[in-house]
Amino acid sequence: MAQKQRIYADFIPSTSSGHRSVNQSFQRHLRPTFFQFGINRMSLQSANPLLRVEQVSHDYTPATPALAPVTFAVAEGEFVCIVGTSGSGKSTLLRIIGGLVRPSAGEVWLDGARSTEPHPQIGFVFQKTNLMPWRTALDNVLLPLELIGAVGPAQRSQARSLLELVGLADFADVYPAELSGGMAQRLVLARALVRHPRLLLLDEPFGALDALTRERLNLELLRIQTGQHQTVVMVTHSINEAVFLADRVLVLGEQPGRILAEVGVDLPRPRSLALMGSERFGALATEIRRHIGLVDT
Amino acid sequence: MAEGTILATIQKERDERGSNRRSASGLLRGVASYPAPVTFPFVVASILLLWEGLVRWQDYPAFILPGPLAVAGKTLTLASNGILWKHAQVTLLEIVLGLLLGVSLALILGYLLGKSQTLDRLLSPYIVASQTVPVVAIAPLLIIWFGNGLLSKVLITGIIVFFPTLVSTIVGIRGVDPDLHDLMRSLRASRSQLFFKLELPAALPVLFGGLKLSVILAIVGAVVGEFVGADVGLGFLINLGRGVLDTPMIFVAVLALVVIAQTLYLGISALENYYLRWRK
Numbered sequence: 001m002a003q004k005q006r007i008y009a010d011f012i013p014s015t016s017s018g019h020r021s022v023n024q025s026f027q028r029h030l031r032p033t034f035f036q037f038g039i040n041r042m043s044l045q046s047a048n049p050l051l052r053v054e055q056v057s058h059d060y061t062p063a064t065p066a067l068a069p070v071t072f073a074v075a076e077g078e079f080v081c082i083v084g085t086s087g088s089g090k091s092t093l094l095r096i097i098g099g100l101v102r103p104s105a106g107e108v109w110l111d112g113a114r115s116t117e118p119h120p121q122i123g124f125v126f127q128k129t130n131l132m133p134w135r136t137a138l139d140n141v142l143l144p145l146e147l148i149g150a151v152g153p154a155q156r157s158q159a160r161s162l163l164e165l166v167g168l169a170d171f172a173d174v175y176p177a178e179l180s181g182g183m184a185q186r187l188v189l190a191r192a193l194v195r196h197p198r199l200l201l202l203d204e205p206f207g208a209l210d211a212l213t214r215e216r217l218n219l220e221l222l223r224i225q226t227g228q229h230q231t232v233v234m235v236t237h238s239i240n241e242a243v244f245l246a247d248r249v250l251v252l253g254e255q256p257g258r259i260l261a262e263v264g265v266d267l268p269r270p271r272s273l274a275l276m277g278s279e280r281f282g283a284l285a286t287e288i289r290r291h292i293g294l295v296d297t
Numbered sequence: 298m299a300e301g302t303i304l305a306t307i308q309k310e311r312d313e314r315g316s317n318r319r320s321a322s323g324l325l326r327g328v329a330s331y332p333a334p335v336t337f338p339f340v341v342a343s344i345l346l347l348w349e350g351l352v353r354w355q356d357y358p359a360f361i362l363p364g365p366l367a368v369a370g371k372t373l374t375l376a377s378n379g380i381l382w383k384h385a386q387v388t389l390l391e392i393v394l395g396l397l398l399g400v401s402l403a404l405i406l407g408y409l410l411g412k413s414q415t416l417d418r419l420l421s422p423y424i425v426a427s428q429t430v431p432v433v434a435i436a437p438l439l440i441i442w443f444g445n446g447l448l449s450k451v452l453i454t455g456i457i458v459f460f461p462t463l464v465s466t467i468v469g470i471r472g473v474d475p476d477l478h479d480l481m482r483s484l485r486a487s488r489s490q491l492f493f494k495l496e497l498p499a500a501l502p503v504l505f506g507g508l509k510l511s512v513i514l515a516i517v518g519a520v521v522g523e524f525v526g527a528d529v530g531l532g533f534l535i536n537l538g539r540g541v542l543d544t545p546m547i548f549v550a551v552l553a554l555v556v557i558a559q560t561l562y563l564g565i566s567a568l569e570n571y572y573l574r575w576r577k
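Just so you know, the protein sequences line up as chains A and B, in that order.
Counting from 1, one number per residue, gives the positions in the first sequence under our numbering.
Counting from 298, one number per residue, gives the positions in the second sequence under our numbering.
Just to be clear, a hint being listed does not mean it is correct.
With beta-carbon atoms standing in for the labels, derived distance ranges [what the hints assert, rightly or not]:
(1) A:Ala211 <-> B:Asp476: 45 to 53 Å
(2) A:His196 <-> B:Val555: 56 to 64 Å
(3) B:Ser489 <-> A:Arg290: 16 to 24 Å
(4) B:Arg488 <-> A:Ala261: 28 to 36 Å
(5) B:Arg326 <-> A:Ala177: 22 to 30 Å
(6) B:Ile424 <-> A:Glu262: 55 to 63 Å
Hints are computed from structural coordinates only; laboratory data are not their basis.
Please read all numbers here as calculations on a predicted model, not as lab measurements.
C-beta atoms are modelled at their ideal positions from N, C-alpha and C, and glycine is treated no differently.
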């Protein structure tokens, strides 16, 4: 709890209307459930996952279920990858966790409280690079802070240090149109991190990039994730990427999407790209492919 | 749509400026990079020469076609005795008030129609149908109902300006990137934040296109109103000039309208360049 307070104190400005709204949502999300759902609270204390997805299913129309009931949990500091073919509902699942899509059934619990709408403690990186073209790199990173309160020198220096973290320190005053695809995606990452989210959701963040840029950004993502002890749930269709990044890989089957297997990745950290040539890496990737049905058993 | 062509021309100018940079030196290079501003004095000078030549060659009387010198003289006279400013300021006021009225109403309604499909389907047929009524044709009615003064001209101008702004507002609001909507939703933006931080800036490029068109149409509205019934204004001055066969005065009034139109258009363009500087 003490750590949580500290994180909140980091980004709640002291004099603004945003203060109140964030605080209210903070209470709404975290407090009442303690009394209402005593049993859940008990079970949480033993496992203490940051995120729990319980029997979440979704269908856009009753005839076509996109997601069969899915249940899993993510611990604090864990990096979980969700792999699956397109049509496995993995993006839908991520949007449900992010509160952007209401599930047809089931519940999402974040830090012991039920979450039904976009949560202030979640950072979301979307499949498409959605930067505001009329804002400079710095102003794009500042946007999430602007929405919760006044932006002063403290917020600016915070945004600048994030730009530095993703290697864009020299591009603070540049408009997105002048950035390359890889740089734009780093910027999106910086924006998602600016509120110090406890949970970072990544929806195929590097899917549109070339393979080389993608590998480099994966390395940077790992560096940032390790440095900030960031909890990450990432959706990808690249098995290699999933094995390289994750502590645990959830394999999603298609139509309707459901968890076929959970594969723990026991590769040592810190990881380097050389690891991808190792025997263990190959074995894990093959295991995942077998679960999807790409490799005969 | 005409706004499309205006935008297209501007874009073309920009492209030409960009692509022709690597050509000959000096004046030629200047012409290549900024064709319009550099050639402007030459074009104006040759038009004036042709005009003067035509008048002298055909020996037209001044009430048919006055020469440029006669027009210049008349301009000086009307400017120095204050008559030009007296009429121009009334027309300018009509234009500005009409623009404010028409544009603000169109922005509000356009935003609502852009946001709500239901409202759009409910109201659009009537709005489109109303556009088949020529404003020029109902101008006399507005004069009958609202008098000879400022109000009727502001209304005519407002009505004329309304539609292009409405269309561009709807297009602008509908064109907002849905991925940015997702972003704002994930960041729990409030309604007003959604408007000021996303919808307004995202719609601005299209809005400016509509606004440029509206400025030109506003001048048409004000002048038409003054033609139909007025005792002051540049449109009235033109009518008066026709009545008393003072053709140079018509030329002066038309020139004054051109100056007003150019100034307003350049003003909007300057604003556009400032607010859309990220597009360069």
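Do the hints match the structure? See the list:
1. A:Ala211 <-> B:Asp476: 45 to 53 Å: violated, 24 Å
2. A:His196 <-> B:Val555: 56 to 64 Å: Given a distance of about 58 Å, which is inside 56 to 64 Å, the answer is holds.
3. B:Ser489 <-> A:Arg290: 16 to 24 Å: Check failed, 52 Å falls outside 16 to 24 Å.
4. B:Arg488 <-> A:Ala261: 28 to 36 Å: For arginine 488 of chain B and alanine 261 of chain A the Cβ distance comes to about 44 Å; the hint is violated.
5. B:Arg326 <-> A:Ala177: 22 to 30 Å: holds, 27 Å
6. B:Ile424 <-> A:Glu262: 55 to 63 Å: Given a distance of about 57 Å, which is inside 55 to 63 Å, the answer is holds.
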